[in-house]
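These protein sequence lines map, in sequence, to chains D and R. FYI, in the numbering used here the residues of the first sequence are 270 to 774. FYI, in the numbering used here the residues of the second sequence are 7 to 337.
Since the hints were derived computationally from the structure, they do not count as laboratory data. Quick reminder that beta carbons are idealized off the backbone N, C-alpha and C, glycines included. One thing to keep in mind: the hints can contain errors.
According to the in silico footprint, chain D covers these stretches of chain R (three or more CB under 8 Å from chain D) [said to hold, decoys possible]:
id, stretch
1, 76-85
2, 166-177
3, 211-223
4, 231-242
5, 303-310
6, 320-332
Computed, partial: chain R to chain D, Cβ under 8 Å [as the list claims (entries may be wrong)]:
id, residue
7, 62
8, 67
9, 70
10, 88
11, 122
12, 252
13, 300
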Amino acid sequence: MIESLLAGVDLALRIDTFIWISGGLLLGMLMGALPGFTTTMGMSVLVPISFLVGDPLIGIPFLIGVYKGGIYGGSVPAILISMPGTGASIATVFDGPALTRKGRSRKALEMSLFASAIADFFSDVLTLVMIVPVAAIVLGFGPPEIAAVMFLSLVIIAVTATGPVIKGLIMLGLGVWVGFVGADPFSALARYTFGTSELYDGFHLIPILIGLFALPEIFKAVKEGDGPGARAASFVGERLRFDELKRSFPTIVRSTAIGSGIGVVPGLGQPIAAMMGYIAAKNSSKHPETFGKGELDGIAAAEAANNAVNGPTMVPLLTLGIPGDAVTALLLGAFMMQGLRPGPTLLESSGDVVFGILIAMVLANGLFVVIGYLTIPLFARVVTIKKSLLIPITIMLAFAGTYLARGNPFDIVTLIGFGLIGIAAREAKFDVAPMVMGFILGRELEYTFGQTLALAGDDWIRFALTERLGMTTVVLATPVIGLMLGRRMTRFRKRALARDREQSA
Amino acid sequence: MSPSLLLTTVVRRSAALFALPWLLFAGPMAQQAALAQYPEKPITLITPFAAGGSSDLTARVFTSFISKYLGRPMLIKLVPGQAGQKGTLEATKAAPDGYTLVFIDNYRDQLHQYTFRNDYYDTNEDLVTVVRINYGQIAIIVRTDGPYETWAQLEADARARPGQIRMSHSGLWAALFVPARRIMQNLDLRFRMVPYRGGGPAKAALMAGDVDFSMAFPATVAVDVEAGKVRILATAGPERTVEGVPSFVEIGLSPNTGYIHRIVMAPSGVPEDRLMRLRRAFAALQSDEAYLAAMRRLGENTEYMDGVDYEAVRIEQSREYGELVRAIAGQ
Numbered sequence: 270m271i272e273s274l275l276a277g278v279d280l281a282l283r284i285d286t287f288i289w290i291s292g293g294l295l296l297g298m299l300m301g302a303l304p305g306f307t308t309t310m311g312m313s314v315l316v317p318i319s320f321l322v323g324d325p326l327i328g329i330p331f332l333i334g335v336y337k338g339g340i341y342g343g344s345v346p347a348i349l350i351s352m353p354g355t356g357a358s359i360a361t362v363f364d365g366p367a368l369t370r371k372g373r374s375r376k377a378l379e380m381s382l383f384a385s386a387i388a389d390f391f392s393d394v395l396t397l398v399m400i401v402p403v404a405a406i407v408l409g410f411g412p413p414e415i416a417a418v419m420f421l422s423l424v425i426i427a428v429t430a431t432g433p434v435i436k437g438l439i440m441l442g443l444g445v446w447v448g449f450v451g452a453d454p455f456s457a458l459a460r461y462t463f464g465t466s467e468l469y470d471g472f473h474l475i476p477i478l479i480g481l482f483a484l485p486e487i488f489k490a491v492k493e494g495d496g497p498g499a500r501a502a503s504f505v506g507e508r509l510r511f512d513e514l515k516r517s518f519p520t521i522v523r524s525t526a527i528g529s530g531i532g533v534v535p536g537l538g539q540p541i542a543a544m545m546g547y548i549a550a551k552n553s554s555k556h557p558e559t560f561g562k563g564e565l566d567g568i569a570a571a572e573a574a575n576n577a578v579n580g581p582t583m584v585p586l587l588t589l590g591i592p593g594d595a596v597t598a599l600l601l602g603a604f605m606m607q608g609l610r611p612g613p614t615l616l617e618s619s620g621d622v623v624f625g626i627l628i629a630m631v632l633a634n635g636l637f638v639v640i641g642y643l644t645i646p647l648f649a650r651v652v653t654i655k656k657s658l659l660i661p662i663t664i665m666l667a668f669a670g671t672y673l674a675r676g677n678p679f680d681i682v683t684l685i686g687f688g689l690i691g692i693a694a695r696e697a698k699f700d701v702a703p704m705v706m707g708f709i710l711g712r713e714l715e716y717t718f719g720q721t722l723a724l725a726g727d728d729w730i731r732f733a734l735t736e737r738l739g740m741t742t743v744v745l746a747t748p749v750i751g752l753m754l755g756r757r758m759t760r761f762r763k764r765a766l767a768r769d770r771e772q773s774a
Numbered sequence: 007m008s009p010s011l012l013l014t015t016v017v018r019r020s021a022a023l024f025a026l027p028w029l030l031f032a033g034p035m036a037q038q039a040a041l042a043q044y045p046e047k048p049i050t051l052i053t054p055f056a057a058g059g060s061s062d063l064t065a066r067v068f069t070s071f072i073s074k075y076l077g078r079p080m081l082i083k084l085v086p087g088q089a090g091q092k093g094t095l096e097a098t099k100a101a102p103d104g105y106t107l108v109f110i111d112n113y114r115d116q117l118h119q120y121t122f123r124n125d126y127y128d129t130n131e132d133l134v135t136v137v138r139i140n141y142g143q144i145a146i147i148v149r150t151d152g153p154y155e156t157w158a159q160l161e162a163d164a165r166a167r168p169g170q171i172r173m174s175h176s177g178l179w180a181a182l183f184v185p186a187r188r189i190m191q192n193l194d195l196r197f198r199m200v201p202y203r204g205g206g207p208a209k210a211a212l213m214a215g216d217v218d219f220s221m222a223f224p225a226t227v228a229v230d231v232e233a234g235k236v237r238i239l240a241t242a243g244p245e246r247t248v249e250g251v252p253s254f255v256e257i258g259l260s261p262n263t264g265y266i267h268r269i270v271m272a273p274s275g276v277p278e279d280r281l282m283r284l285r286r287a288f289a290a291l292q293s294d295e296a297y298l299a300a301m302r303r304l305g306e307n308t309e310y311m312d313g314v315d316y317e318a319v320r321i322e323q324s325r326e327y328g329e330l331v332r333a334i335a336g337q
């Protein structure tokens, strides 16, 4: 093992490897920054390039670069124009746009970059060190355990939503219901489709995200409409200071741990990691009331957590040959095209190449910071564009991005519909985040719960108590965790309310 | 630099940045040549699958090489949804000029007409085969540390405990589900079918011990078989393909059970000369060493069949699937 690790170091230190990684990172960032252009689509378009390059230490690090860059790139429109291009940036829209309005977009982008790169670095190192022992744990997570974790996540999101608990619950329930629209995953029978074929596949995440988060923001900007020549911000703001980064370091470490844990389990994914990282940071902060109002720590929490997922998804892929999501499925193809067959024998047969790739992945994070840093000034200037120009561009991006995501004209209707819901929710002071998470988690919970029922058969008590103790434990612990978190959050809310009154008095 | 000049530069630059990925798609589309021999512009291949699946990868491989034989690129357009019906519908609606093709498999082509409601197109009327790219033969797999060493043992256990033996499959009416239903039908067995999202997760469920057996295309479990973790109990077809392992015919199934055919189709009404041009290009592809090597590395065979011959296969499939679904529905 040590020998192949050393041989891997030797293989990875090549100039052409780094040039290709840089290219991948840059392409990934640009694609990620384009709303609607998901990392999966970007990689799918670029995967033939890696086929044609006959060297595994070029083709695969290139794709990994696209992956890393893409997940970070999604934070750029989330911060600047409140438009999460992919689910991974869902928690970045809580604080990013608020920072931009305060003229601190540059700080926010740099925090996003550094948090992403640091989290990527640590989770990659963790992957490299833990790949062998962790592989055994992965298989312990079947549908019952994932269903239990999804249930726990739903409860956590419900009790920690901003504003009154009942409003959070309403939005969450609405999101879950929206997720049920479309073909039932087990019998393929249509539900809530009103006989239309457009709704048969259910709603797509991208138009919901853009509709709920970006359109209300655009509406607000149009309504304010200040004088001619007004800008979102007159300057891009200061750079991130080192002490600010240092202050967020505990948050980054926490989010990295959360993201890595979620990454190892196939099927959970970046949106849940980002949300959980954000909630954990808010919960352990000394000033949770600043979260959601332009808190740099919130950006760090969300962006570190979603990027920390990237490295560990390689564990089940490389050791078991099991891709956890579409991105790793593409990587699986890329590995096979290079004559490497992921699975239990991969580390023995081509340990040096695999470690070479993993080491290149770790070292790529240095390039990540440099390339990201060079692109920030360009992106950040978006806010200095005149509002009369920026708003039309934003609207164009919202619609084009929605259409681009899967080329379905009906998604435009969805976008407008959810835009109206988002505007109404903002007027009535409802938080839309629980709705999106309800949408994402609800259908996953339904699917994994259905799988669990299929596995259990008739004798589900025996199934829960003998075969699936892990699931049973999580399910039993959920109300306790929910109650404790809920109480804490009520205290925060009261304190914030008292402070507001003090200030206004 | 004056502020207004800076602004223009920035807008222009950011526009270029945002446009770049679009150009990757749209760039080649812009070429419009005067009337010449077909194909005079890029051909669009609709794939009704999600990005990242094995069919997506196969399509990416052959489209990368076919341009050499067509003289124009073949571009993939992903149109996932409705179990593949959405993309297929789009292809049937396209002008039959040979510039829009669709990549599907036999289940989507012939089986789904019986299993999913579809009032929008008739696959037999509206689509014609260009080529069968290759096929896959399914295998029944178990863990080596599990209780089953032969198919006979598994079958006996399933008969003793109906509805108790768990099998993981990759989705309703898909590549693992259909052969399992045919086994249940032909051998009068009942399995507890547990759905997963794709063949990878279905295999993972077997490895984790969540289910008792599963199915897979041998290439996708070759590594696990070598590592001594997975055992193959039977393989599709009339002949044995793995030494010492019975074929599906030997265990009492029809010779067609458990085959997946990956096919490129064109909307009916495409001019004969254009169809022939496409078929010739795919025939020529079969002697391209780079293509053959790439498919080999993916673990896919290159058992090509000309579209004319495959049309006969479709008729047979249509009859068989119809009988299967009627038999299941009648229960």
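Going through the hints against the structure:
1. 76-85: Holds, because 3 residues of the stretch 76-85 of chain R bring their Cβ atoms closer than 8 Å to Cβ atoms of chain D.
2. 166-177: Our answer is that it holds, as 3 residues pass the Cβ test (under 8 Å) against chain D, meeting three.
3. 211-223: holds (count 6)
4. 231-242: Since 3 is at least three, the answer is holds.
5. 303-310: n = 3 at 8 Å, threshold three: holds.
6. 320-332: violated (count 0)
7. 62: Because about 7 Å separates residue 62 (chain R) from the closest Cβ in chain D, which is inside the 8 Å limit, the hint holds.
8. 67: Hint holds; residue 67 (chain R) Cβ to chain D Cβ min 7 Å, cut 8 Å.
9. 70: Hint on residue 70 (chain R): holds, closest Cβ of chain D at ~5 Å, below 8 Å.
10. 88: Constraint on residue 88 (chain R) satisfied, holds at 5 Å.
11. 122: Holds: closest Cβ of chain D sits about 6 Å from residue 122 (chain R), inside 8 Å.
12. 252: violated, 25 Å
13. 300: Holds, about 6 Å.
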